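*Asks:* Okay, here's what each chain looks like letter by letter:
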Amino acid sequence: GENVEQHPSTLSVQEGDSAVIKCTYSDSASNYFPWYKQELGKRPQLIIDIRSNVGEKKDQRIAVTLNKTAKHFSLHITETQPEDSAVYFCAASIYNQGGKLIFGQGTELSVKP
Amino acid sequence: NAGVTQTPKFQVLKTGQSMTLQCAQDMNHNSMYWYRQDPGMGLRLIYYSASEGTTDKGEVPNGYNVSRLNKREFSLRLESAAPSQTSVYFCASKGDSNEQFFGPGTRLTVL
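Here the protein sequences come in this chain order: A and B.
Residue 30 in my numbering sits at position 17 of the first sequence, and the numbers go up by one each step.
Residue 1036 in my numbering sits at position 91 of the second sequence, and the numbers go up by one each step.
Derived by calculation from the structure, the hints in this document are not laboratory data.
It is possible that some hints are incorrect.
[As the list claims (entries may be wrong)] Okay, derived cross-link-like pairs now, DSSO-like style, lysine-lysine, Cα gap no bigger than 30 Å in a straight line: (1) A:K55 x B:K959; (2) B:K1016 x B:K1002; (3) A:K70 x A:K125; (4) B:K1016 x A:K84; (5) B:K1002 x A:K81; (6) B:K1016 x A:K50; (7) B:K954 x A:K50; (8) B:K1002 x A:K55; (9) A:K81 x A:K125; (10) B:K1002 x A:K71; (11) B:K1016 x A:K55; (12) B:K1002 x A:K50; (13) A:K35 x B:K1002.
These figures come from a predicted structure and were not determined experimentally.
Build the full structure now, drawing on both the sequences and the hints.
*Replies:* Put into structure tokens, the structure is as follows:
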């Protein structure tokens, strides 16, 4: 089955710097890749997603890139702010096959003022 | 709209006890999911229901059972709780888009 590896497990940046989180997946049939943000004690919430027919997607300060050949995708956050501090999870799934997501282990991002 | 709701919020069980975690959604979504979250391991899928009347195993189904009671409700049952089932449990639902909407979670401790 699908396996998703996420790195790094923790990331500390200064406010205003960029942050990059990377994930690799194993199943070449996976074609949907969401990123979730989870604040302390809260539920995960979708922040951005990408499908395999697109190489990059951007939404204001966040962007996701996908390399299907290498089977990896990355989350980029620019101009980080303290409110970006949270745990970020990547996931992979096969679109329209029950929608089940396989998650990475998570990255705890800390943005220092 | 309440979105996805879960009960209870917290629960403490003794080894061997049973309990049912309840989940309901009011978004008319077809698909529902149960995940557990443990430190350093992300969210792992326990069971899911792609549509009313169907259920399937996820990554870690052992020790759990589920019931899709109707389109709104999807329950998770622990028949004989074990300390290894201490975790935070999240229910989620999905409609026609790919986005999964999560409930607030249930924090379960098994002593």
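*Asks:* None of the hints should be skipped; say for each whether it holds.
*Replies:* The hints, checked one at a time:
1. Among the hinted pairs, K55 of chain A with K959 of chain B is consistent with the structure: their alpha-carbon atoms are about 26 Å apart, no more than 30 Å.
2. Proposed proximity of K1016 of chain B and K1002 of chain B is supported: the alpha carbons are some 18 Å apart, at most 30 Å.
3. Among the hinted pairs, K70 of chain A with K125 of chain A is consistent with the structure: their alpha-carbon atoms are about 26 Å apart, no more than 30 Å.
4. At most 30 Å may separate the alpha-carbon atoms for a hinted pair to count; K1016 of chain B and K84 of chain A exceed this at roughly 35 Å.
5. Under the criterion of a C-alpha separation no larger than 30 Å, the hint pairing K1002 of chain B with K81 of chain A is consistent with the structure, at around 27 Å.
6. Under the criterion of a C-alpha separation no larger than 30 Å, the hint pairing K1016 of chain B with K50 of chain A is consistent with the structure, at around 27 Å.
7. For the proposed pair K954 of chain B and K50 of chain A, the alpha carbon gap of about 21 Å is at most 30 Å, so the pair holds.
8. Restraint check for K1002 of chain B and K55 of chain A: the C-alpha separation of about 26 Å stays at or below 30 Å, so the hint holds.
9. Taken as a hint, the K81 of chain A and K125 of chain A pair is broken in the structure, with Cα atoms around 33 Å apart against an allowance of 30 Å.
10. Distance hint between K1002 of chain B and K71 of chain A is unfulfilled; the C-alpha atoms sit about 34 Å from each other, more than 30 Å.
11. The suggested pairing of K1016 of chain B with K55 of chain A holds, with an alpha-carbon distance near 25 Å, which does not exceed 30 Å.
12. Pair hint K1002 of chain B plus K50 of chain A holds up; C-alpha atoms about 25 Å apart against a cutoff of 30 Å.
13. A hinted pair counts as satisfied when its Cα atoms are at most 30 Å apart, and K35 of chain A with K1002 of chain B qualifies at roughly 28 Å.
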